[in-house]
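The lines below spell out each chain.
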Amino acid sequence: MPGARGVAERAAQRLAELGTRDAPLLAAQLTCAALLLAPIGGWGVRPLVLVLAVAGLLAPAVAASARFFALLAVLAGVRVLLDWPLPDNHAYLLAIWCSAVAVSFASPRPRAVLARNARLLVGLAFALATLQKAVIAPDYMDGTFFRWAVAVDPRFEELGALLGRGGADLERTRAFLEAWPGEAPPGAAFVETAALRAAAHVFTWATVLLEGAVALLFLAPPALGLGRARDAALLLFCAGTYAVAPVAGFGWLLLAMGIAQSEGRRARWAYLAVFALVALYRGAE
Amino acid sequence: MALLVALAAAHFALVRCCSLHPWLGGGFGMFSTVDARTLRVFRVDASGERPLEIPPELEDAAERVEALPAEAWLQAFARALAEDPALAGATLAAEVWETRFDAEMRPVPRRLAGVVVAADRAGR
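Taken in order, these protein sequences are the chains called A and B.
Our numbering numbers the first residue of the first sequence as 1 and each following residue consecutively.
Our numbering numbers the first residue of the second sequence as 1001 and each following residue consecutively.
No wet-lab data here; the hints were simulated from the structure.
In this text, a Cβ means the ideal position worked out from N, Cα and C, and glycines have one as well.
Any given hint might turn out to be false.
As the list claims (entries may be wrong) - Computed Cβ-Cβ distance ranges for the label pairs, DEER-style: (1) B:1084 / A:168: 36 to 42 Å; (2) A:153 / B:1104: 19 to 25 Å; (3) B:1106 / A:243: 29 to 35 Å; (4) B:1018 / A:61: 43 to 49 Å; (5) B:1104 / A:82: 26 to 32 Å; (6) B:1108 / A:136: 15 to 21 Å; (7) B:1049 / A:167: 34 to 40 Å; (8) B:1048 / A:37: 49 to 55 Å; (9) A:244 / B:1108: 50 to 56 Å.
Claimed, not checked - Which stretches of chain A does chain B cover? Using the computed rule of at least three CB atoms under 8 Å from a CB of chain B, they are: (10) 139-146; (11) 168-181.
The task is simple: from the sequences and hints, build the whole structure.
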C-alpha cells in the first residue's frame, strides 16, 4: 500500500501532466468530464453517454479517436431530436462541437483543425448571443430583462436585499410580477430602489459588452495575435457568468472549446482552474 | 460552422413564424428576454370560462406547448386533457400567453396561440 506521501506525489504528477497534455486531447477529455458532471438526455441516451465519458477520461487513446467523438455527436444529436423543442443553445452546440472534434481527429493536422473550429464556434455562438440581446430582444437593452431577473431569480436575492429590496418588499414584487393583470393580490407592487435599477443597467451593459468582445476576439484573424486577449475574455466570462447562470454544462463546454484553441501551458492551466471554479460554483448551489 | 449558422437561421424562422420560445433552439437567445410563458386551459360552458389545473401527467406536454405553441400541439393537448372523465363532454380552450413588461414593469400579456376543442370533438 503506498503511503499518503506516495499518493500525494502521484496526484501531483498526474496534475502536472495535465498542463503538458496536448491541447486537442485535453479538450477532448474536458468534454468527457463535462458530460460526466452534467449528464445529458433521458434514459435512452444518458447511460451510453456516461459510459463513453468515463471511457474517454480513463483512456486517452479512446478520447483522441474520431469514431469516439462521432458516436458522441450522434448521441448528442439524438438527444436534441428526442427532446425537441425543449433543448436550448448548448445542447445544439455540444452536438456540433463533438462533430468538430471528430472531424479534427480524422484530419492529418488535428491540433490546427480543432483550434480553428473551436475559435469559430465560440466566436459565432457569442456573436449570436450578442445579436439576440443587442438587436433582436425587445426588452434587453432597456434593462427590463435584468430588472425582472433580479426580482424573480433566487440567486439575486442577497444582492437585492443589499440594494434595498428584501423580505416583504421582495414578496410584494414577486407577487406583482407573477400575477395575471388585474389579479394581483392586495399589496402586490413592483418595489425597486435607484440602486437596483442602476445594477440592472450595469448587468445589461457588462454582459452585452463582454459577450461582444468575446465574439470579436474569437472571430478576428489569428494573424492579429490576439490569443491572450481571447483567453482572458472567455475565462473572465466563464468565471463571472457561471457564478450566477445555472448552466454549468454550457460553461464547461465553452472552457473545453477554449482550451482547444489555447496556446501555451499558462493558458491551459487557467482554463483548468476556471473549469474547477465552475464545479465549485455548482457544488455551492 | 455551416451547421451552427443553419440552426441559428432555423431558430430565427421558428421564433418569427411559430412563436418558438426565444431561449430555446440553436439561436443563443438564453437570458436575452423575459422568460414568462403560461399555458392556460379552461372549461367553456354557458356560464363562461372556468380555469383548469394542468394534471401532473400532462406537465411535459404543457412544457412543449409553451415552448412551441403550434395549433396542432394545442389541439392534441386539449384532447388529452379531455380524456379526464370529469371533463367528459366539456368544451375546452387552451391558450399560450407570453408576458412582457412595460417601463413601469407592469405586465403586458399577449396571446400567442389558442384553440377551442368543442364538446363533440374533445377526447377523440
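Going through the hints against the structure:
{"no.": "1", "hint": "B:1084 / A:168: 36 to 42 Å", "verdict": "39 Å, holds"}
{"no.": "2", "hint": "A:153 / B:1104: 19 to 25 Å", "verdict": "20 Å, holds"}
{"no.": "3", "hint": "B:1106 / A:243: 29 to 35 Å", "verdict": "31 Å, holds"}
{"no.": "4", "hint": "B:1018 / A:61: 43 to 49 Å", "verdict": "45 Å, holds"}
{"no.": "5", "hint": "B:1104 / A:82: 26 to 32 Å", "verdict": "42 Å, violated"}
{"no.": "6", "hint": "B:1108 / A:136: 15 to 21 Å", "verdict": "18 Å, holds"}
{"no.": "7", "hint": "B:1049 / A:167: 34 to 40 Å", "verdict": "36 Å, holds"}
{"no.": "8", "hint": "B:1048 / A:37: 49 to 55 Å", "verdict": "51 Å, holds"}
{"no.": "9", "hint": "A:244 / B:1108: 50 to 56 Å", "verdict": "27 Å, violated"}
{"no.": "10", "hint": "139-146", "verdict": "holds (count 5)"}
{"no.": "11", "hint": "168-181", "verdict": "holds (count 5)"}
Hints 5, 9, counting from the list given before, are not met by this structure.
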